[in-house]
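Generate the whole structure from the sequences, applying the supplied hints.
Counting in our numbering, the final residue of the sequence shown is number 745, and the numbers go up one at a time with none missing.
Treat each hint with caution, since some may be false.
Pair by pair, the computed Cβ-Cβ distance ranges are [stated by the list, open to error]:
| no. | residue 1 | residue 2 | range |
| --- | --- | --- | --- |
| 1 | Gln609 | Val675 | 15 to 21 Å |
| 2 | Gln646 | Leu488 | 40 to 46 Å |
| 3 | Glu112 | Arg366 | 52 to 58 Å |
| 4 | Ala124 | Asp684 | 56 to 62 Å |
Rather than coming from a laboratory, the hints here were simulated on the basis of the structure. C-beta: ideal position from N, C-alpha, C; glycine also.
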Amino acid sequence: MPSSLLVVLFFIFHVCVSATAAPQDGDRDRDNYLMLVWNNRLYWYSAAALVFGVWFSLKVTLSKKRFAKDVQSWVQRAPEKDNSSDPDPEVHVSGVKIFFGSQTGTAKGFAEELREEVKTLGVAAEVIDMKDYDPDDRLADECESRSVCVFLVATYTDGRPTDNAQWFCTWLQEASTDFRYGKTFLRGLRYAVFGLGDSAYTGHYNTVGKNLDKWLWMLSAARVLTRGEGDCNTAKSRSGSVQADFRAWKGRLLGRLRALAQGEEKSCSGNCKSGGSCKRTDRGEEEEERNAAHNTDSEVDPIETSSDEDESDPMDEKKSVVDLEDLGDMMSSAKKAKTKADPGDQMVKLSRVNGVRKTEDEGERREMITPALREALTKQGYKLIGSHSGVKLCRWTKSMLRGRGGCYKHTFYGIESHRCMETTPSLACANKCVFCWRHHTNPVGTEWRWKMDPAEKILQDALEKHQNMIRQFRGVPGVKPDRYEEGLAVKHCALSLVGEPIMYPQISTFIRLLHTHHISSFLVTNAQFPEEIRNLVPVTQLYVSVDASTKDSLKRIDRPLFKDFWPRFLDSLRALGEKRQRTVYRLTLVKAWNVEEMQAYSELIALGQPDFIEVKGVTYCGESSASSLTMANVPWHQEVVAFVQQLADMLPQYEIACEHEHSNCLLIAHTKFRVEGEWWTWIDYERFQELVRGYEESGGRRSFSALDYMAKTPRWALFGAREQGFDPAETRFQRRNKTRDISGC
Numbered sequence: 001m002p003s004s005l006l007v008v009l010f011f012i013f014h015v016c017v018s019a020t021a022a023p024q025d026g027d028r029d030r031d032n033y034l035m036l037v038w039n040n041r042l043y044w045y046s047a048a049a050l051v052f053g054v055w056f057s058l059k060v061t062l063s064k065k066r067f068a069k070d071v072q073s074w075v076q077r078a079p080e081k082d083n084s085s086d087p088d089p090e091v092h093v094s095g096v097k098i099f100f101g102s103q104t105g106t107a108k109g110f111a112e113e114l115r116e117e118v119k120t121l122g123v124a125a126e127v128i129d130m131k132d133y134d135p136d137d138r139l140a141d142e143c144e145s146r147s148v149c150v151f152l153v154a155t156y157t158d159g160r161p162t163d164n165a166q167w168f169c170t171w172l173q174e175a176s177t178d179f180r181y182g183k184t185f186l187r188g189l190r191y192a193v194f195g196l197g198d199s200a201y202t203g204h205y206n207t208v209g210k211n212l213d214k215w216l217w218m219l220s221a222a223r224v225l226t227r228g229e230g231d232c233n234t235a236k237s238r239s240g241s242v243q244a245d246f247r248a249w250k251g252r253l254l255g256r257l258r259a260l261a262q263g264e265e266k267s268c269s270g271n272c273k274s275g276g277s278c279k280r281t282d283r284g285e286e287e288e289e290r291n292a293a294h295n296t297d298s299e300v301d302p303i304e305t306s307s308d309e310d311e312s313d314p315m316d317e318k319k320s321v322v323d324l325e326d327l328g329d330m331m332s333s334a335k336k337a338k339t340k341a342d343p344g345d346q347m348v349k350l351s352r353v354n355g356v357r358k359t360e361d362e363g364e365r366r367e368m369i370t371p372a373l374r375e376a377l378t379k380q381g382y383k384l385i386g387s388h389s390g391v392k393l394c395r396w397t398k399s400m401l402r403g404r405g406g407c408y409k410h411t412f413y414g415i416e417s418h419r420c421m422e423t424t425p426s427l428a429c430a431n432k433c434v435f436c437w438r439h440h441t442n443p444v445g446t447e448w449r450w451k452m453d454p455a456e457k458i459l460q461d462a463l464e465k466h467q468n469m470i471r472q473f474r475g476v477p478g479v480k481p482d483r484y485e486e487g488l489a490v491k492h493c494a495l496s497l498v499g500e501p502i503m504y505p506q507i508s509t510f511i512r513l514l515h516t517h518h519i520s521s522f523l524v525t526n527a528q529f530p531e532e533i534r535n536l537v538p539v540t541q542l543y544v545s546v547d548a549s550t551k552d553s554l555k556r557i558d559r560p561l562f563k564d565f566w567p568r569f570l571d572s573l574r575a576l577g578e579k580r581q582r583t584v585y586r587l588t589l590v591k592a593w594n595v596e597e598m599q600a601y602s603e604l605i606a607l608g609q610p611d612f613i614e615v616k617g618v619t620y621c622g623e624s625s626a627s628s629l630t631m632a633n634v635p636w637h638q639e640v641v642a643f644v645q646q647l648a649d650m651l652p653q654y655e656i657a658c659e660h661e662h663s664n665c666l667l668i669a670h671t672k673f674r675v676e677g678e679w680w681t682w683i684d685y686e687r688f689q690e691l692v693r694g695y696e697e698s699g700g701r702r703s704f705s706a707l708d709y710m711a712k713t714p715r716w717a718l719f720g721a722r723e724q725g726f727d728p729a730e731t732r733f734q735r736r737n738k739t740r741d742i743s744g745c
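What follows is the structure, encoded as structure tokens:
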């Protein structure tokens with residue numbers, strides 16, 4: 001290579017010399033030659049560039065040939081290598097987990113039969129009794145394990161799950177409507193469902209299998225095969241018997257598993273959103289899958305969901321639910337027609353609240369819970385009571401049953417969360433808050449204009465339904481037996497489920513009944529009914545929601561129905577200040593909405609002088625056409641802490657007392673609860689029951705104050721403690737939720 005370059009350079013030099021005007025004599029001195037070279041420097045530059053280009057091209061060509069030769073040599077040697085050194089082939093199906101819900105053993109037998117068949121494919125298979133599997137801890141892991149979950153579930157009496165599948169179905173149903181899990185909580189999970197039923201029971205045929213399939217689909221799990229149905233009614237069975245139905249479905253499943261194990265993708269359904277032209281040949285399966293996805297008319301009673309901060313998926317609420325506020329427009333034409341027909345029947349009188357309204361006898365009043373509303377609330381997990389009340393199981397109740405910690409009320413006030421009943425005697429409300437946990441499926445109104453159930457019946461049914469929900473946890477993995485027994489005996493009642501409990505005309509009677517049953521009372525009101533607050537009998541702790549500190553921001557956030565909402569709001573705070581028992585302001589911080597109104601908040605606190613101030617970051621409840629809130633409006637816990645510190649600095653008689661980091665919540669307490677340098681924010685519930693009993697027996701003459709039933713706050717609950725409000729006697733559990741991390745839940 002160097003010799004060829006020299007030849008090229010010599011040739012170029014010769015050309016350059018020949019290009020001169022006259023030949024040069026051999027005896028010319030060296031200076032003349034140098035001058036010649038300088039005059040022809042352009043040729044030298046061109047020659048250098050040409051040589052470099054040729055050299056670079058040759059080097060690249062030789063490198064490519066050498067690389068191709070090396071690759072060919074490696075390919076030829078590869079089969080001769082030891083197999084142990086090869087990279088592991090990709091595993092598309094790591095195993096098949098076969099879950100069964102069986103009452104008579106049929107589904108269990110099918111599961112064992114399927115396990116043996118799957119093993120013949122060279123795929124590991126495991127049979128799992130659903131009562132021994134904790135979905136709360138383990139189901140999310142299946143999204144990453146590359147396993148396929150097969151569910152063989154029977155439908156039992158009245159369309160309910162079998163005993164061993166009860167808890168699994170309870171958890172799955174609540175997860176599918178709980179916004180904390182998110183719509184994509186089970187994305188990555190592959191599943192198939194086969195239901196066992198009897199078509200002779202026309203109202204409940206295979207409802208468990210249908211619901212299980214629907215709930216998994218709602219959480220973004222992927223079907224590997226259309227749901228199968230086995231019919232014990234041989235006259236209508238597709239294959240002649242439930243066994244034959246299963247074997248036909250099993251054959252298709254095995255074929256699908258074989259394809260998955262080889263890495264084959266599922267064929268397109270023909271309904272591509274991208275507008276693809278592919279078609280599914282099996283139209284029956286297409287229709288069946290579509291029906292499974294959109295079936296929301298199941299006869300099965302929906303099973304309870306969670307918490308006073310818990311929310312259902314808005315997908316299930318796009319029904320024809322109409323707020324009572326909006327019924328006026330729909331009924332106006334009917335009223336006008338009736339007026340024309342018989343004007344004498346339309347008697348009106350002044351109302352203290354609403355101006356004018358039609359006079360109605362009690363028997364003519366309509367029920368608050370309409371059929372459409374009942375359907376929507378039942379889907380959200382409520383157990384409805386009578387015509388206007390409801391009860392629901394709080395997620396913290398379930399958490400403490402399993403020894404996984406209590407809610408912020410446990411940290412701040414010593415509530416035993418597993419013994420707390422969350423209920424309301426009025427599902428109606430006078431506000432339509434932007435952060436409403438129920439997306440406004442509850443009715444609204446400014447006065448009581450519905451049929452009214454007696455307080456005794458509401459409490460009796462609430463206790464019964466709450467205990468029935470607790471009984472579902474008997475034998476559930478992780479539930480502590482002693483906590484289960486304690487949970488059956490209600491000790492606390494949170495009147496904060498939804499709506500405005502103080503609207504119920506017999507609210508004082510209801511509270512007295514709670515105390516008669518030795519149950520503490522925690523009542524939350526939205527500060528729109530000042531006279532009702534003044535007339536209220538003593539409660540263990542009375543809350544007022546202070547969602548904003550100015551008239552404009554309160555109107556934007558709470559969206560009250562009353563035209564005079566601001567005077568009502570201020571008067572409600574004054575009424576709270578007249579109470580001698582424990583009072584609380586509940587502040588909900590909405591980022592970019594109400595966190596800058598520090599001075600105005602301090603003025604409202606001076607107006608009502610509450611014993612405590614709870615400051616909590618707003619909980620995002622998912623998308624809703626009724627609210628423009630997004631996750632950007634949820635403050636981080638450190639932002640809430642910073643707000644509380646600034647607010648406490650402006651309040652000379654208040655200090656930060658407690659913190660519950662998990663709920664994104666802090667407690668500011670009046671310094672009168674700081675005794676000899678130690679906080680006494682907890683409640684002596686036994687002492688309260690003695691005091692309230694004396695109050696009732698004396699006809700109200702023997703009064704008492706909040707200081708008469710306070711208890712010492714444990715160290716771990718205090719602000720600044722290492723535990724950040726988590727009871728060290730409990731076990732911290734971190735849910736594996738790969739889709740969302742919601743502050744304040």
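The hints, checked one at a time:
1. Gln609 x Val675: 15 to 21 Å: Because 19 Å falls inside the window, the suggested range holds.
2. Gln646 x Leu488: 40 to 46 Å: holds, 44 Å
3. Glu112 x Arg366: 52 to 58 Å: holds, 55 Å
4. Ala124 x Asp684: 56 to 62 Å: holds, 57 Å
This entry satisfies every hint, going by the numbered hints stated previously.
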